[in-house]
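Those protein sequences? They're chains A and B, same order as listed. If you count the first sequence from 1, position 275 lands on 275 in my numbering, and the numbers rise without skipping. If you count the second sequence from 1, position 77 lands on 77 in my numbering, and the numbers rise without skipping.
Treat the hints loosely; a few may be bogus.
[Said to hold, decoys possible] Restricting the straight-line Cα-Cα distance to at most 25 Å, the calculated cross-link-like pairs of lysine-lysine (BS3-like) are:
1) K203(A) with K267(A)
2) K82(A) with K23(A)
3) K171(A) with K145(A)
4) K99(A) with K65(A)
5) K411(A) with K41(B)
6) K41(B) with K392(A)
7) K408(A) with K41(B)
8) K411(A) with K392(A)
9) K152(A) with K99(A)
[What the hints assert, rightly or not] Which bits of chain A does chain B cover? Going by a derived footprint, with three or more residues having C-beta under 8 Å, they are:
10) 58–67
11) 379–385
If you're looking for bench data, these hints aren't it; they were derived computationally from the structure. We treat Cβ as the ideally placed atom computed from N, Cα and C, and that holds for glycine.
Each chain, written out:
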Amino acid sequence: MKKTFHIYFLVALFFGTFTGFAKTITVCSSCSIKTIQEGIAQASEGDTVLVKKGIYKEINITIDKSLVLLGENLPTIDGEDKGEIIKIVADNVTVDGFKIINVGTSYTEDYAAVRVIKKDGFLIQNLQLEKLFFGIYLEKSNNGKVLNNKIKGDAVNEYNSGNGIQLWYCKNIEVQGNTVENVRDGIYLEFSDNILISHNYSKNNLRYGLHFMFSDHDVYEYNIFENNGAGVAVMFSKFVDMNHNIFKENWGTAAFGLLLKEINDSKITNNVFQENTVGINVEGSNRIEYSHNDFISNGWAIKVRGACYTNSYVQNNFMYNSFDISYNSGMNDNVFNRNYWSNYAGYDLDKNGVGDVPYRPVKLFSYIVNRTPEAIIMLRSLFIDIIDFSEKVSPVFTPDNLVDEHPKMRKINHDRS
Amino acid sequence: MLKILKYSFYDLMRSRWSYVYFLFYLLLGVVLLFLNNDLSKAVITLMNVIIILVPLIGTIFGVMYYYNSREFTELLLAQPVKRSSIFLGQYFGVATSLSMSLVIGLGMPFIFYGIFNSSAIWDFSLLLITGAFLTFIFTALAFVIALSNENRIKGFGYAILLWLFMAVIYDGIFLMSLLYFEEYPLDKFSLLATMLNPIDLSRVMILLKLDISALLGYTGAVFQKFFGTSFGLLLSSAMLIVWVLVPTFFIWRIAKQKDF
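Only chain A is shown next, with the shape it has when bound in the complex:
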């Protein structure tokens, strides 16, 4: 008898949530509710506010209850450059399927298209943001998701443009499948831990494709960073896992594929660095594992600036780079092993696929260029080839223990499944 009662109760509860409690409030230009803000005001916890196709000129839409704000056929919210557009100040809010344009630009406040303030469990997806200042701004918010948004800015100057997706003091957030272009920093993280950034496409941004500060235990994988002003910068963080990303065509006088500054205990695996002025610029980073990466046609594949200890470079492909490795000191505490170097000229008599002569990836010329940058104009001169050769035979200026003892004879085919 008691058991049946329980079942009745459960069934009632189940139907109740669908019919009785959660209702759908429709907003459209011909409905009784004409603005999104009014729709939210009419709704109660757990409701869905369905917004039909149309243009809504609203700013400061504040979502203060846990509800779903759903756009049908991509309705447009036009901020008319006046200020912030959607502000989420409740837990468990979903914002889905809007086109948000004309976010206001300010020099005193960071206006965003969507801002989440100190709340949990949000889901922001399928938004198209255009003409924006800041895109999606998460502050002190945890356990949320930012999925499949398209952000396209029109940034010209760094001082009056904002970031595509910004995380500030956040934890456990997934940022996936977003496309960010033409903003200042594509994705920006500060003091944010346990973040997953994957399958994003960040290109043509003014400064960095991805910018990372003081954020630990984060993973970023399967992203593409292309033609950003200065590539990707990862600074002052530890336990960062970077894998399966593509860094390409970050060109310019101060551009690099990836900038590592004060990064410790991290992993950089299975990435592709292609046609960057500098593939990876490393400064003060320790205990990093670089393996199974491809460095193709970069100016410098890896530029080691100093204070980098106990890093290991294993099983990477270095192909057609003007300089493979550049070091600015005579000391080396890093390990290079079993990489493939397209510049390797040794032989393999026992046919085991490993060259019999060690390879020295640092050329004397790269040392000279470090000291006197103007000397770059001598690149590929016969004289340079001669001194490089003599340095290779008896190293004087470059660290003499910096060798790959087991250079591969053939390009390594990485297993990237």
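For this one, chain A is given, so just place chain B on it according to the hints.
Relative to chain A, chain B alone:
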């Protein structure tokens, strides 16, 4: 002058050396294209060849031709022909046939390979044009050396020394001075030093089309700004033309005053 040019040219076209030179380039082109199927990479290898080998061959061949055709030159001098046209005709004959061997020898395999459908076509044409310029420059310098030295051994010695200086020693001095004066701003100096050596100038012109990503970095921007613009390209080409004209002028002057 045209008649003598034509004579020298046909004479060389019939000679074995032109064919060897032509076949060498043909072979080089074919081997490069068949060994690595990457067109851009083949162009880089070619650059090394053009920058080192073309001046060497131009120098040696120029000196050799002058000394070998000395009897014929003396015969011509007895005729009522202007001196300048004899020597300039010979010079242009040699230089033209050498550059033709280079351009056709390298061009043919690349055309069959399909360079016209490739984006590397401009790099490649720049390569050939620079090669032709280097031939003209170094043949002219070789003629100047040969004209001012009766002694063949001495003439050959100076010619080789000239090549060695331009290809290797100059860069050595250049690099030493860069390192010695590293405290000073060196952009202008290095630009000037590059402009003054035709081998360096050609190398940088080709490099900016190839290894652009490395050169773009940091101070490289200055060079990119200079050589990358049409003004820089114009000035570099003008410099190469000056490098042809000045030795040609010397050929003309020495030939006029020389006792035979």
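- Query: Of the numbered hints stated previously, which ones are contradicted by the structure, given in increasing order?
  - Reply: 2 and 10
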